[in-house]
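Novice: Here are the chains, one letter per residue:
There are 2 protein chains.
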Amino acid sequence: MQRFDYFTSKGNHSPMSMSPYFAQAEALDAANPLAPARQLFDLPSDQRYFLGNSLGPLTHSAREAVNQAVNAEWKTGLVRTWHDGDWFDIATETGNRIAHIIGAPSGSVIAGDSTSVALFKVLSAAAQKNATPTRNVLLCDINNFPTDRYVARSVADLFHLQYKECAVSEMITHFNENVAVATASMIDFRSAEIHDVASVTAAAHAAGALVVWDLAHAAGVIPCDVERHSIDFAVGCGYKYMNGGPGAPAFMYVAPHLVNEVQQPIPGWFGHDAPFAFEDAYRPAQGTARFSSGTTNILSMKALHGALEVFEKFPISSIRDGSIALGDFFIAGFDEHLSASGFTLGSPRNSTARGGHIALLHDRAEELTEELIGDGFIVDFRPPNVIRIALSPLFLRFNDIAALVGRLSDAT
Amino acid sequence: MQRFDYFTSKGNHSPMSMSPYFAQAEALDAANPLAPARQLFDLPSDQRYFLGNSLGPLTHSAREAVNQAVNAEWKTGLVRTWHDGDWFDIATETGNRIAHIIGAPSGSVIAGDSTSVALFKVLSAAAQKNATPTRNVLLCDINNFPTDRYVARSVADLFHLQYKECAVSEMITHFNENVAVATASMIDFRSAEIHDVASVTAAAHAAGALVVWDLAHAAGVIPCDVERHSIDFAVGCGYKYMNGGPGAPAFMYVAPHLVNEVQQPIPGWFGHDAPFAFEDAYRPAQGTARFSSGTTNILSMKALHGALEVFEKFPISSIRDGSIALGDFFIAGFDEHLSASGFTLGSPRNSTARGGHIALLHDRAEELTEELIGDGFIVDFRPPNVIRIALSPLFLRFNDIAALVGRLSDAT
Chain G
109 MQRFDYFTSK
119 GNHSPMSMSP
129 YFAQAEALDA
139 ANPLAPARQL
149 FDLPSDQRYF
159 LGNSLGPLTH
169 SAREAVNQAV
179 NAEWKTGLVR
189 TWHDGDWFDI
199 ATETGNRIAH
209 IIGAPSGSVI
219 AGDSTSVALF
229 KVLSAAAQKN
239 ATPTRNVLLC
249 DINNFPTDRY
259 VARSVADLFH
269 LQYKECAVSE
279 MITHFNENVA
289 VATASMIDFR
299 SAEIHDVASV
309 TAAAHAAGAL
319 VVWDLAHAAG
329 VIPCDVERHS
339 IDFAVGCGYK
349 YMNGGPGAPA
359 FMYVAPHLVN
369 EVQQPIPGWF
379 GHDAPFAFED
389 AYRPAQGTAR
399 FSSGTTNILS
409 MKALHGALEV
419 FEKFPISSIR
429 DGSIALGDFF
439 IAGFDEHLSA
449 SGFTLGSPRN
459 STARGGHIAL
469 LHDRAEELTE
479 ELIGDGFIVD
489 FRPPNVIRIA
499 LSPLFLRFND
509 IAALVGRLSD
519 AT
Chain Y
109 MQRFDYFTSK
119 GNHSPMSMSP
129 YFAQAEALDA
139 ANPLAPARQL
149 FDLPSDQRYF
159 LGNSLGPLTH
169 SAREAVNQAV
179 NAEWKTGLVR
189 TWHDGDWFDI
199 ATETGNRIAH
209 IIGAPSGSVI
219 AGDSTSVALF
229 KVLSAAAQKN
239 ATPTRNVLLC
249 DINNFPTDRY
259 VARSVADLFH
269 LQYKECAVSE
279 MITHFNENVA
289 VATASMIDFR
299 SAEIHDVASV
309 TAAAHAAGAL
319 VVWDLAHAAG
329 VIPCDVERHS
339 IDFAVGCGYK
349 YMNGGPGAPA
359 FMYVAPHLVN
369 EVQQPIPGWF
379 GHDAPFAFED
389 AYRPAQGTAR
399 FSSGTTNILS
409 MKALHGALEV
419 FEKFPISSIR
429 DGSIALGDFF
439 IAGFDEHLSA
449 SGFTLGSPRN
459 STARGGHIAL
469 LHDRAEELTE
479 ELIGDGFIVD
489 FRPPNVIRIA
499 LSPLFLRFND
509 IAALVGRLSD
519 AT
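In order, the protein sequences belong to chains G and Y. For what it's worth, my numbering labels the leading residue of the first sequence as 109, then goes sequentially. For what it's worth, my numbering labels the leading residue of the second sequence as 109, then goes sequentially.
FYI, nobody ran anything at the bench for these hints, they're computed from the structure. Fair warning: there could be bad hints in the mix.
No copy is singled out in the list; a pair is fine if it fits within one copy or between any two copies.
[Said to hold, decoys possible] List of simulated lysine to aspartate or glutamate pairs, EDC-like, C-alpha gap at most 16 Å:
| no. | residue 1 | residue 2 |
| --- | --- | --- |
| 1 | LYS237 | GLU369 |
| 2 | LYS237 | ASP483 |
| 3 | LYS183 | ASP150 |
| 4 | LYS183 | GLU369 |
| 5 | LYS421 | GLU444 |
Same shape as in the complex, but just chain G (with noise of 0.2 Å):
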């Protein structure tokens, strides 16, 4: 298609000035270990998709799992799917496929719910937990993604809380013995920064404080080492590196040590020990179970089970380094090409401080990113001034990089 063909064309830019770059992509992708990750999505033809941190795209596997789902287990099976099949385990099964990504131990994280949903349970369980007359404090990251911070604010009034908020890199000198509970996005949504976790976490133990991380841009993009890290509690998105689809369910991580002593205030049979029983009265499940509430929205679990197979093949390890490499390609173009036509670089150089997306500013970022989209360069925009490129090293290419740095140094 003449719009990706940047290694010839005839830009404001001497065509030949970015050849080297081109030839360099194309060497880097005969190399990449990750490329037959590729063939896993059904991707379209017509887009080079920098979005994976939004809505993943599709994976063979998920629409096989949807399939299965619709045409044989609710189909055929019916109402004995319940028992015959894996509906009832089946975000218990989930979670396990995130809990190896995330590096938290089999059993301790649950799917379902949304995002919001999630972090609403989780935070009212490490409030009720933790909280007292006089370690009355919810801490929250103050540039936390926008609905975080709702929830949040909401938790803290349902549990006669104050409602106070820093930067991430502010929260250690805040923790005191009034802190009840802080929570945090690992990666910032704008700057794909990352947090340090070990060391906010560490200094909440040490104050007796609780931490709930956000991991919606971390999780299947980078190691979260949960268990490493010795994270209380932990939610995420399933519909965005882990590519679960559309509104796909979310998760719940709480540590082992932790999980069997909170109680998430919104019980239903999911979460019940005795689900089938019908007994009078709650009796929350052992382990992470307990913070399932109704039923798991089966047709979104099956294609973010499915999706999640990808995982299977190819380890968090591995496509963090395909991330990394992505990323330090698209740096060293915007170097060469952009860094002097009125863009900067938005997010860590430094790629051990840098999640899974650049976010790139210009004055023009709206209208460049409609302009990006026209061109199939699917971007996203976030006020005031960014362009988001996610780089998700399962189905994109070095060439891609390449081709957006092309279409950018065009731009301008």
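Since the structure of chain G is provided, determine the placement of chain Y on it from the hints.
Specialist: Frame of chain G, contents of chain Y only:
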């Protein structure tokens, strides 16, 4: 198939003794105005399915909606479908289809979450709206579905209310100046008794209380007359008579005169007045959209939205007529062929007091249920002695009822 052929079978009873009943079934099927609806379903060939109250069967329109969502909207549209497609509005559009079925005004219903999460939200909203230091009782139907009771107790704890239970029939005598909120099911999940929604709601209002009705066993099989009965809040289930698929989204109704004065405790971007503005503070949307939280489970929601097409073709009043006719026909068969064999009727004989299913009581109910299922008669068991038989008139035939009565008459 031999096991369905009760008209000529050699059971314990003379085969001829049932022939008038089967002949009557044939005549009723021939005259049934709902008979064409069966073609809208993709039913398994080896089952007679009496659990439309537990998991409604697959419709062709639901399958097509899921196919479209996976293979066009997700695969090709990808994240742009949020802007170009109907994903953002699908929870409202699905809510509007449900509103049509339950007798509520357009715009007053939103689909999403599970029934337990939905009940938690509306009960919390009602409690927050109406509770005071002296109006501090949450009253719950003691025969309510167990998980509704768990949620109600949890909401009472969160809002520092006294939790009390009584039968729905006694609620009217319990309403006084101390009751903030009451909650009950419109139709009893065991007996199918229809509660007197209008009288209970009116008595609550006279005492200054609000009522949350669970329509789980009502929506899609009887006209719930939500607006006519001046219902304050309601929730219901998408996977029962509405055939939305396993774990389909639930729904929430809030009376238009109340909705903008209440708030639910789980704010999310789908409930925000300006979802894409990423504002620092939560501003709830006008109308029932404020009861949404996180991203809609698109695949599950699409299945429900597709399944509800059936109700655009067959009005709920005719569905109710069909369900009553099936129930009356079953009871006629019961009187003649089952009442002397250890079975008793656990549901109202009077069709105006009976919902969409029939509870058949027997000392060996659990064992009989297993035998029936083994023979392709799909019913379920509820402790201690209930065989539940749902009368979904959109796909069941009078012949199915006759065959079931025949099989039951052979069972003892």
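Novice: Looking at the structure, which of the earlier hints fail to hold?
Specialist: 2, 4, 5
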